[in-house]
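As given, the protein sequences belong to chains Z and L, one line each in that order.
Counting with the working numbering, you get residues 1 to 546 for the letters of the first sequence.
Counting with the working numbering, you get residues 1 to 264 for the letters of the second sequence.
These are calculated hints, taken from the structure and not from any lab test.
All of these numbers come straight from a predicted model, not from anything done at the bench.
No residue lacks a Cβ here, since even glycine has one placed at the ideal position from N, Cα and C.
Be a bit skeptical, because a hint or two may be false.
[As the list claims (entries may be wrong)] Here are the simulated distance ranges between beta carbons:
no., chain 1, residue 1, chain 2, residue 2, range
1, Z, Ala-498, L, Ser-140, 38 to 46 Å
2, Z, Ala-211, L, Ala-32, 40 to 48 Å
3, Z, Leu-31, L, Val-226, 50 to 58 Å
4, L, Gly-31, Z, Ile-468, 30 to 38 Å
5, L, Arg-135, Z, Pro-200, 55 to 63 Å
6, Z, Ala-196, L, Ala-137, 51 to 59 Å
7, L, Trp-107, Z, Gln-9, 48 to 56 Å
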Amino acid sequence: MRSPQSPAQAIAWEFRRRHLRVLIALAGYLLVLAAIKLLMRGLGQPITLEPPDGRVGVALGPLSVTFFYFLAVFSFGLAGDLAARQSIYPARMFTLPVTTRALAGWPMLYGSAVMASLWLGMALLARWWDLALPVIWPALLAAVFLAWTQALTWMPYGWRGVRVVVTVLWLAALDVIVLLAIHFKVSEPLMIGFLAPQLPLAYLTARFAVARARRGDIPDWRGMRARPAAIAQVSQPGHFPSPARAQLWFEWRRHGRTLPALVALLLPFELAFLFLVRHDPPVLIFETLLVVLLTPPFMATFAATMVSRANPHARDSYGVTPFDATRPMTSAGLIGAKLGMAIWSTLGAWLLVLVAIPLGLKLSGTWPTVIGWVDWLARVFGTPRAIVILLLVFSSLIVSTWKQLVHSMYIGLTGRVWVIRTSWLFALAFIIMIGPVAQWIIDDRAVAAGVWTALPWILAALVGVKMIAAAWVAQRLYSSRLLSDRMLVTGAAGWMVAVLLLYGLLAWAFFAPLIPRYLLGLVAILAMPLARLSAAPLALAWNRHR
Amino acid sequence: MGHQPAAIVTDSTAPTASVVITVSDLTRRFGATTALASVSLSLPRGAVYGLVGANGAGKTTLIKHILGLLRAESGSVRVFGLDPVADPVGVLSRIGYLSEENDLPGWMRVDELIRYSRAFYPAWDDGYAEELRQRFALDSTARIKNLSKGQKARAGLLIALAYRPELLVLDEPSSGLDPIVRRDILGAVLRTIADEGRTVLFSSHLLDEVERVADHVTMISQGRVVLSAPLDAIRESHRVGERTPSLEEIFVAHVGMPATPPDP
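Use the sequences and the hints to build the structure in full.
Structure representation (C-alpha cells):
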C-alpha cells in the first residue's frame, strides 16, 4: 500500500482506514435497496412516496443512521467525551507538524464531501425509482450540518455538558429555519443563498476552536458554581446502608440521568408544536401528543447503548474495568443495580413528561380538546374501563421505556465486540426488511388475510422461542450459581403472576368477542420481559470473568 | 525481614490454613500467545511477595486470575481456599486491590469515592481512611479525573487499604509515583500491613523497589515461573565469593534480559 504523501492524505487515510467497513456496508445497503426495487417492482415501474407504495421509507431509517454516524465520525465524536470541557478534537493530532488551518480544514472538507455525496447518492437512486428529489440544497444542508457540528464540538467550553446543549440548540435552530423554508415553499436559489455562506462561517469557527484547543486554552467557569457545590458538600447524605444501595447510586450517577436529560432536551421543541397546531384540526394535537408520549421509549433506545457499556470512557468501552469487576458483589447484584437505576431513570423521564404535557396543554389552550377525547372514551367504554385503558396505555409506555433501557443490556454486557456487531447487523437487517415486508402485507389482501389467519401460530411460535430461551438461561443460571435457587424460583413465580395479572387486565379491558382469550394470553407472555433480562447476569459474568 | 519462615513457593506443601493463594498448574493462552504456562504457586499468609518480570511477562495475567477477572482455562486458582470466579464476594471482600490501569471513576469526587467504597466493606475504618487521605494530601472535594497520576494512585491505595484487607494486591503500584513518595508511602504501607500478619502481593518491573520491601520474590518470564524463593535465600544462593549480586543481576542471569528495558 502506498504511504500517505501529505498531511491531507494522512488525515484522509485515517478516516478511510477506520471506517472502511461501514462504507462497504453502506454500499451493500444501497445494493440491497436496488435489489428490492428490482424484485418487488421490476424495471421501469415507478415507486411513489404516497401509500400504498411509500417504500422510500425503507431508506429513511438506515440513511438517518448513516447520517448520524458520519456526523460522529468526522467530528471525532466516536472517540471523544462529548460532555467534557476539553475539545473532542483528538489531542494526539495537535502535536502533528501541520497548521491549525489544515487540522480544521481537511476533516471538514472530507466530511462535507461525504455528507453531500451521501445525499447525492440517495437522490440519484430515488431518480432511478422515478422520485424527483431536490439535489443541491439538501446536499448543502447535510454539509452545513456537519460543518457546524464539527465547529461546535471541537470548541472547548467552561462547563461540562455545555457542548451538547450548544450543539443541539444550534442544529435544532438550523433545522427549524429549513423546515419553515420548506413550509413556505422558499425557492431553491434562496435556500442555497442561506446555506452556502454558512460553510465558511463554520470553518472559521472550527479553526478558532482547534487553535484554542491546541494551545490548551480551555475556559473554566466552574468557579461560578463553587458556592452551590460547597452547599451540596455540606448537605451530602450519610453512608450507604448496603452495597446494593451504593451500587445503585453509582449506576445512577453514571448512566441514570442520561434518559431524563435527553427527554428534557426534546420536550420543549415537541410541545412547542401544540402552539403551532392549536387552531388546526385536532388530529394534529393528537399526533403531537403521541410524539411526546413516544419520546421516552424512543430515547431510551439511545440511552440503552450507554447502560450496557461497562464504562463509556474506558479504552475497551464494553469490557469491565478492574474497578468495576473487583466490586465485592455478585454479577446478579451488579445487574440488580443497573435494573434499579433504569427504573429511576424511567420514572425521572416520565415525571418530566407528565408535568410538561398538562403545562403545554394549558398554556397552548388545547386542554379542552384533550378533555373532550377523554369524555368520548368514557362514553364509549364506560368510566371504569376508560380509566383502566388509559392506565394500561400509560403503564405500558412506562414499562416499555424501562424495557428499552434494559432488554438489550445482555448484548453489550458480554463485552464481546463480535457479539455486539453481529447484533447490530441483525438489527440493521431487520430495519431494512421490516418496511418492505410490512408494505407487502398491507398491499396484498391475500397475504394480509394469510398473516391474520396465521397470527396465533406466529405468536405461539414466538412464545415457544421465548420459553426455550428462558429455560436455557435458567438452566445456565442454576448451574453457574449466579442466582440462588430461591431467587430463581421467586423470579419465575413473580413473572407468572405478572403475566396472569396482565392477561386479566387485557381480558377485562378489551372485552371483544372477536378476540380469542388465548391470543391475549400469548400477548401477555410476549409482553413480559423474561429471557433477555435473565441473560444479563450471565453476560456480565462472561465479561467479568474472562 | 522477620516474617513467615521462608519457603520455596513452588512447593505447595504449606498447611492449607496458612496459605492465602494457591495456584496449581495454571495455563492461559490469548490466541497464539501463551500468557501463563503451568504456573504453580502457594503463598503463605503474612509476608510481602514481589512478583517481578519484564513487561508482558504475565504478571498482570496472574494477578487477574487471582482476582477472578480471568477464568482459569486449565489448572486452578484458590484464594483463601475459595474459587474467585465462583465466589467473587467471598474473595474480593477480603482483598484490597490497586490496579495499574488507574481506572477509578473520573466523575467521582474523592469523598464520594470513599463513601461509595466503604459500603462494600464492613471492616472499613473511617479513622484510618481519613488518616490516609490526609497523609496522601488528597483534597476530598477534588474530582478523580482532575487528580494527577500519582494522586490517582494514592486515591486507589487509600480505598484498597482503609478496610485493612487480609490480602493486598498491588499491580505495578509504583506507576505514576515519584521516587520520594514511592519510598515513603509504599514502603511504609507494605511494611505496616505485613507486620500485622496480613499478606501483600505486588507486581513490579522495578527490581530495586522489590528488593527494598519484599520478603519473597517470584520471577516470571514468558508466562513461566523461573524462580520463586525468599529474597534472602535467593541472594545467598547467588553469592559470588563476598559479593552479593543485586536482584537485577540475578534476574538477568535467569531471564537473559533486564526487567526494565534500557532507555533509548
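Please list, smallest to largest, the hint numbers that this structure does not respect. 7
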